[in-house]
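Chains as they are written, first to last, in our numbering: chain A, 584 to 699; chain B, 3 to 116.
Because the hints were derived from the structure by calculation, they are not lab data. Mixed in with the good hints, there may be bad ones.
Anything over 10 Å on all C-beta distances counts as not near chain B; from chain A, calculated [said to hold, decoys possible]:
| id | residue |
| --- | --- |
| 1 | F617 |
| 2 | T665 |
| 3 | E687 |
| 4 | G691 |
With beta-carbon atoms standing in for the labels, derived distance ranges [unchecked claim]:
| id | chain 1 | residue 1 | chain 2 | residue 2 | range |
| --- | --- | --- | --- | --- | --- |
| 5 | B | I62 | A | T600 | 25 to 33 Å |
| 6 | B | R111 | A | P669 | 42 to 50 Å |
| 7 | A | K624 | B | T80 | 19 to 27 Å |
Just so it is clear, CB atoms sit at the ideal spot from N, CA and C, and this is done for glycine as well.
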Amino acid sequence: GAVVSQHPSRVICKSGTSVKIECRSLDFQATTMFWYRQFPKQSLMLMATSNEGSKATYEQGVEKDKFLINHASLTLSTLTVTSAHPEDSSFYICSANSGMVNTEAFFGQGTRLTVV
Amino acid sequence: AQKVTQAQTEISVVEKEDVTLDCVYETRDTTYYLFWYKQPPSGELVFLIRRNSFDEQNEISGRYSWNFQKSTSSFNFTITASQVVDSAVYFCALVSGGYNKLIFGAGTRLAVHP
């Protein structure tokens, strides 16, 4: 199956700093990528839809200025957590589709962010 | 509105028991897709199955089987002869409305004990 690579898998950062997470589709072009957040023992909540070449679409309640998304190419989307705080500590996971509607989403390995 | 309900928060079984994970979905769209994913302790999501709304045939893959019933808006997942390696969180998810956004259920944590 298609492969989506997410990096880093774990990151610890100091409060107030910014952290960038990368999501790459390795063997297909992803016009759309999705970013999810998962708190411990909870479900995945969609944060935003990343569209190649255009602005991301954020879900209600997600701060655009806090979670910056860039989808500069068909194989790479980045999520930057700006001015991170301990409450931003979570598991972030991306997914990518080939662009066809209702196709299987391929997930990255996830990034566990800890803000200290 | 689209919604996925997994009423079972946690299930604990002994190895070799059969276990069924329930999933009930809501959507007004006639075309939609249902998924099951497995999330082991490592965190990554493992795709198990995708089923479209026009295909109500049940599916069996090894020890796994799925029962899709549109009449009750359910897409249940059964593991036969469970094994310790089946211990994970299982998510049911829905895609509909011509978008690729996955709507996840709350997940069911399955613990299989030796």
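*asked:* Flag every earlier hint the structure violates by its number, smallest first.
replied: 1, 3, 4, 5 and 6
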